[in-house]
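If you're matching them up, the sequences are chains H, V, P and E in order.
Mapping of the first sequence onto full-length UniProt numbering: position 2 corresponds to residue 2, and the numbering continues sequentially without gaps.
Mapping of the second sequence onto full-length UniProt numbering: position 160 corresponds to residue 160, and the numbering continues sequentially without gaps.
Mapping of the third sequence onto full-length UniProt numbering: position 244 corresponds to residue 244, and the numbering continues sequentially without gaps.
Mapping of the fourth sequence onto full-length UniProt numbering: position 59 corresponds to residue 59, and the numbering continues sequentially without gaps.
None of these hints come from the bench; they were simulated from the model.
Hints may be right or wrong, so weigh each one.
If chains are identical, the list can't say which one is meant, so a pair holds when it fits in one copy or spans any two.
Calculated pairs, DSS-like style, for lysine-lysine (alpha carbon to alpha carbon, straight line, at most 25 Å) [to be verified]:
1) LYS187 / LYS207
2) LYS187 / LYS5
3) LYS95 / LYS59
4) LYS207 / LYS5
5) LYS208 / LYS5
6) LYS52 / LYS66
7) LYS187 / LYS167
All values derive from a computational prediction rather than experimental measurement.
Residues per chain, in single letters:
Number of protein chains: 4
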Amino acid sequence: MAGTKFAYVRNFELPDPLLPDTYLVCRLDGHSFHRFSEEHEFAKPNDERALKLMDHAAKNVMIEFKDIMLAFGESDEFSFLFRKTTNLYNRRQAKILTTLTSYFTSCYVLGWPEYFPETPLRYPPSFDGRIVMYPTDRAIRDYFSWRQADTHINNLYNTVFWALIQKGGQTTTEAHATLRGTVSSTKHEMLYSRFGINYNEISDRFKKGSVIVREISSERPAAFGPSTSIQPPPQFTNDKASQVLDPPRPKRSKAKKKVKLETTIEVLHCDIIGDEFWLTRPHLLENQS
Amino acid sequence: MAGTKFAYVRNFELPDPLLPDTYLVCRLDGHSFHRFSEEHEFAKPNDERALKLMDHAAKNVMIEFKDIMLAFGESDEFSFLFRKTTNLYNRRQAKILTTLTSYFTSCYVLGWPEYFPETPLRYPPSFDGRIVMYPTDRAIRDYFSWRQADTHINNLYNTVFWALIQKGGQTTTEAHATLRGTVSSTKHEMLYSRFGINYNEISDRFKKGSVIVREISSERPAAFGPSTSIQPPPQFTNDKASQVLDPPRPKRSKAKKKVKLETTIEVLHCDIIGDEFWLTRPHLLENQS
Amino acid sequence: MAGTKFAYVRNFELPDPLLPDTYLVCRLDGHSFHRFSEEHEFAKPNDERALKLMDHAAKNVMIEFKDIMLAFGESDEFSFLFRKTTNLYNRRQAKILTTLTSYFTSCYVLGWPEYFPETPLRYPPSFDGRIVMYPTDRAIRDYFSWRQADTHINNLYNTVFWALIQKGGQTTTEAHATLRGTVSSTKHEMLYSRFGINYNEISDRFKKGSVIVREISSERPAAFGPSTSIQPPPQFTNDKASQVLDPPRPKRSKAKKKVKLETTIEVLHCDIIGDEFWLTRPHLLENQS
Amino acid sequence: MAGTKFAYVRNFELPDPLLPDTYLVCRLDGHSFHRFSEEHEFAKPNDERALKLMDHAAKNVMIEFKDIMLAFGESDEFSFLFRKTTNLYNRRQAKILTTLTSYFTSCYVLGWPEYFPETPLRYPPSFDGRIVMYPTDRAIRDYFSWRQADTHINNLYNTVFWALIQKGGQTTTEAHATLRGTVSSTKHEMLYSRFGINYNEISDRFKKGSVIVREISSERPAAFGPSTSIQPPPQFTNDKASQVLDPPRPKRSKAKKKVKLETTIEVLHCDIIGDEFWLTRPHLLENQS
Chain H
1 MAGTKFAYVR NFELPDPLLP DTYLVCRLDG HSFHRFSEEH EFAKPNDERA
51 LKLMDHAAKN VMIEFKDIML AFGESDEFSF LFRKTTNLYN RRQAKILTTL
101 TSYFTSCYVL GWPEYFPETP LRYPPSFDGR IVMYPTDRAI RDYFSWRQAD
151 THINNLYNTV FWALIQKGGQ TTTEAHATLR GTVSSTKHEM LYSRFGINYN
201 EISDRFKKGS VIVREISSER PAAFGPSTSI QPPPQFTNDK ASQVLDPPRP
251 KRSKAKKKVK LETTIEVLHC DIIGDEFWLT RPHLLENQS
Chain V
1 MAGTKFAYVR NFELPDPLLP DTYLVCRLDG HSFHRFSEEH EFAKPNDERA
51 LKLMDHAAKN VMIEFKDIML AFGESDEFSF LFRKTTNLYN RRQAKILTTL
101 TSYFTSCYVL GWPEYFPETP LRYPPSFDGR IVMYPTDRAI RDYFSWRQAD
151 THINNLYNTV FWALIQKGGQ TTTEAHATLR GTVSSTKHEM LYSRFGINYN
201 EISDRFKKGS VIVREISSER PAAFGPSTSI QPPPQFTNDK ASQVLDPPRP
251 KRSKAKKKVK LETTIEVLHC DIIGDEFWLT RPHLLENQS
Chain P
1 MAGTKFAYVR NFELPDPLLP DTYLVCRLDG HSFHRFSEEH EFAKPNDERA
51 LKLMDHAAKN VMIEFKDIML AFGESDEFSF LFRKTTNLYN RRQAKILTTL
101 TSYFTSCYVL GWPEYFPETP LRYPPSFDGR IVMYPTDRAI RDYFSWRQAD
151 THINNLYNTV FWALIQKGGQ TTTEAHATLR GTVSSTKHEM LYSRFGINYN
201 EISDRFKKGS VIVREISSER PAAFGPSTSI QPPPQFTNDK ASQVLDPPRP
251 KRSKAKKKVK LETTIEVLHC DIIGDEFWLT RPHLLENQS
Chain E
1 MAGTKFAYVR NFELPDPLLP DTYLVCRLDG HSFHRFSEEH EFAKPNDERA
51 LKLMDHAAKN VMIEFKDIML AFGESDEFSF LFRKTTNLYN RRQAKILTTL
101 TSYFTSCYVL GWPEYFPETP LRYPPSFDGR IVMYPTDRAI RDYFSWRQAD
151 THINNLYNTV FWALIQKGGQ TTTEAHATLR GTVSSTKHEM LYSRFGINYN
201 EISDRFKKGS VIVREISSER PAAFGPSTSI QPPPQFTNDK ASQVLDPPRP
251 KRSKAKKKVK LETTIEVLHC DIIGDEFWLT RPHLLENQS
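Extracted from the complex, chain H is given alone in its bound form:
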């Protein structure tokens, strides 16, 4: 058969499995969004429509990929946390990465007219992505702290920067010069004394970014509810292995009854650096050191 003698070229396709039992974070970034935001006249320092469109796409990704427990977005980037035991596409890296990136992009483009009804897309936006493996709960906490701290720093800078330009009449070069070397408190003070802006009163969406979390709403059988649902963490191998993996988990017996947890997906703008967010959502991390 004609196809057969060429089919050996599949031997060049190399496997790319991700390490089992390790958290996966997939981070997407807008490709050349500096230009994209200018061409589509995004409001500065923050365009709420653009941020809500990012949230919209990210939320749809979480509806589609049940093993994503948490996402965090700011500006033109979004990070997705997969449960460490996910076996999505047998943990093949390129498959997970491209499917997610493509679906996010598709949701973004398809959702655009709803959020920008008066601004047609002038050219196709795109995103790049990467997957990073994190072996510990601590590293996951620190990863999300890193992104939220970054949001804080960027937003404070941008808020003053654009106030200097839009209200203070400076050029962008002048505004950068004005801000060079200033610490956080100076920026707060500058905002308040020159422009009457109390930074603390700025929307949490801008200061804290978007936190999209899979919340457990009940433990009733999945059949009764319309919302998306997950199973308690299945282990990545067979039953015997999972008994070994976490003998002390009392929920294993429930798992065997295949009780599904009702979950909902919520968009928040809250602190995720401190402990409270995580302590009240023990299902996000899996604590099997």
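Use these hints to put chains V, P and E onto chain H, whose structure you have.
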């Protein structure tokens, strides 16, 4: 600074460079397009609108990524060939793969209304992708032969299959049973004798797929032409290395004058298994064994 | 300079870092040791000289590589556990793997005459190796349980097998047939009733393998002692990062005073499947889930 | 069974195949051989015993690994070239790399007393290794040119350096200072005028390194000869694929008759930067661009 103490999490981002001086083939596949084609009522066995939309997206990818020399598409998949010396994104795998996949998806969704003016998208389509490295010209030739042979085989099967259903009144189960074990000549005969279809008269688009090729139209300085342009193959390293890599290439002196080659991107439906296609386009392969 | 124009070939050397903060297990296996043990007339079912030579080589590896906390050996294989925070050779996989494998081999060959004074080496023995990353304490416990359980199973089988041959006069084929399908208790019974061997009285070296552990003997300054010493776990990044990584560790302050822990390397033949071994040596695992 | 419930830990062993149809170069380097050569009183600038011991180990590696076509050694390093179509250990990287490194080490230690009869090993020498994939003949040529050019440069420098010390009475610091910034011709002149040494008369072993090559000695059936033998390059996949890979090879018909080529392994000290070495040995490269 708040961001700093968490920034160590970047240490978990591992490098993923692709081997230098090796052809890269990036293949995209529609994700669950069996369902997608049904939900959007694609014509069977081939929907010309859908195929043209794929070509549209692929052509735009080639306009955006100058180092893609050739693409081949059939059904819901497309393969893109990068020149072996491309240094796009320093050959970082995830970066190349996701940017291309995302851009293709974006072009597909944004282009949809033009090709399906009466069929709104019911949900976001998506694609998965992979990059495969091929070290030799031979393997590249065989890769594209593999895909075009596959197109042939699938199209012949599907053409008879849907004729049996649409014109012969069979169910899908019956049609599969009718075709089981039949060889190519039997299918041709069946098409002609039962349904009066001469397979050879079917559109080359369906029989041969879509071949999108970067053609060299002239060697005049790029400034004069409106079309996209490429430079003659730059080597992947510095000047000294490239002198070593291909001492006998007479074009190196031109390269130093930065003469750009005028190129155009053409969509063809021609044979790429035989030698002619390749012999008339020596720029596609780089012959440095 | 002559060397320079060719030096671009180094660009083909791709990075191969291991994921940070993840346990590394390096397992070595004798290459074709079935034949090697016959050619050098190893005693069956266990050759104490050969096992002690393996221990000798492994112990020397642990003296050389300070970040190995534990090793486990049976037959012609040895597994080495690196602390999860090791930064040996910047965690380059091939470098760690080959250096360790080569050093072990060298110790084995150089040590041979001491353990086999009357049997000259007839040809060069060799070992293959691999590194596996394990993200959790649980996986490490299970890894070593897997190897020790394997030791148990193999040794019981081999003990009966060779008794059937050496004392029972069976051929190897007959002995395998006799044992086919027998459970553990049957094998114990067979040993005792046919050959008067009480399996429980067999040397722990054979039943449990060799456990080579880095023990902490004191916390006095390293200068006073002759034994090898380690520092309390340094984190893999800079100071700021490590503060983040393990805020609750009271020992961090000591680490800053550069107190070194006195350690010794002990060869044991004890159970490592149960909890006791690990609970009494909390320094082996690092408990930062 | 006890072993089973832990066996899931094997899931953490990730595949590491090398790209098919790509040349593999495995380079070994002595680990801390600066110290090793001092402790064992190697002659300076070159110790012929040490170099011959390296050749001995490398030659034995080539006898053991039939798919190595060529090796090049200088000082404490050796590079081995595997044919591009080798399927050794299914091209698993760690397996090939460690087995070769371990076997080389074993040969080195076991061969030591023959080359250093009066100098017992004071501690175990070891080597690190890496595998680099090269897709083209050009890159292979340049790789070996790189190593031999390096040999030239180092040997000229070391020859003058040690003459300045041994015959000129300089300290090492003074000798380095004397040589700083000198070009090749100055070093030649310095050797001749100050010490009466004609560099061109120095042994080729020192100037050109060791070239160990698998030569084809005849094409008679292997059964008649005692030497090692190889088969003509089998392709890495099944017959159909290999027909596609190299249709024009007339030797394929012989391959099917399983004619083995008689080969011998020769140690040379010749130029490998120019074309002659390669043109007279067309079997070293496989020319399938």
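Okay, the hints, checked on the actual structure:
Taking the shortest alpha-carbon separations for LYS187 and LYS207, only the intra-copy value of 14 Å comes in at or below 25 Å, while the best inter-copy value is 65 Å. Taking identical chains as interchangeable, the C-alpha atoms of LYS187 and LYS5 lie at most 25 Å apart only when they sit on different chains, with a minimum of 21 Å there against 68 Å within one chain. For the homomeric pair LYS95 and LYS59, the shortest alpha-carbon distances inside one copy (20 Å) and between copies (23 Å) are both at most 25 Å. When the C-alpha separation of LYS207 and LYS5 is checked against a cutoff of 25 Å, the pair qualifies only between copies, where the shortest distance is 19 Å, while the shortest distance within a copy is 59 Å.
In this assembly of identical chains, the alpha carbons of LYS208 and LYS5 lie at most 25 Å apart only when taken from different copies (18 Å versus 57 Å within one copy). Proximity of LYS52 and LYS66 under a CA criterion of 25 Å is satisfied intra-copy only: 21 Å inside one chain copy versus 33 Å between copies. For a Cα distance limit of 25 Å, the shortest separation of LYS187 from LYS167 inside one copy, 15 Å, qualifies, whereas the shortest one across copies, 70 Å, does not.
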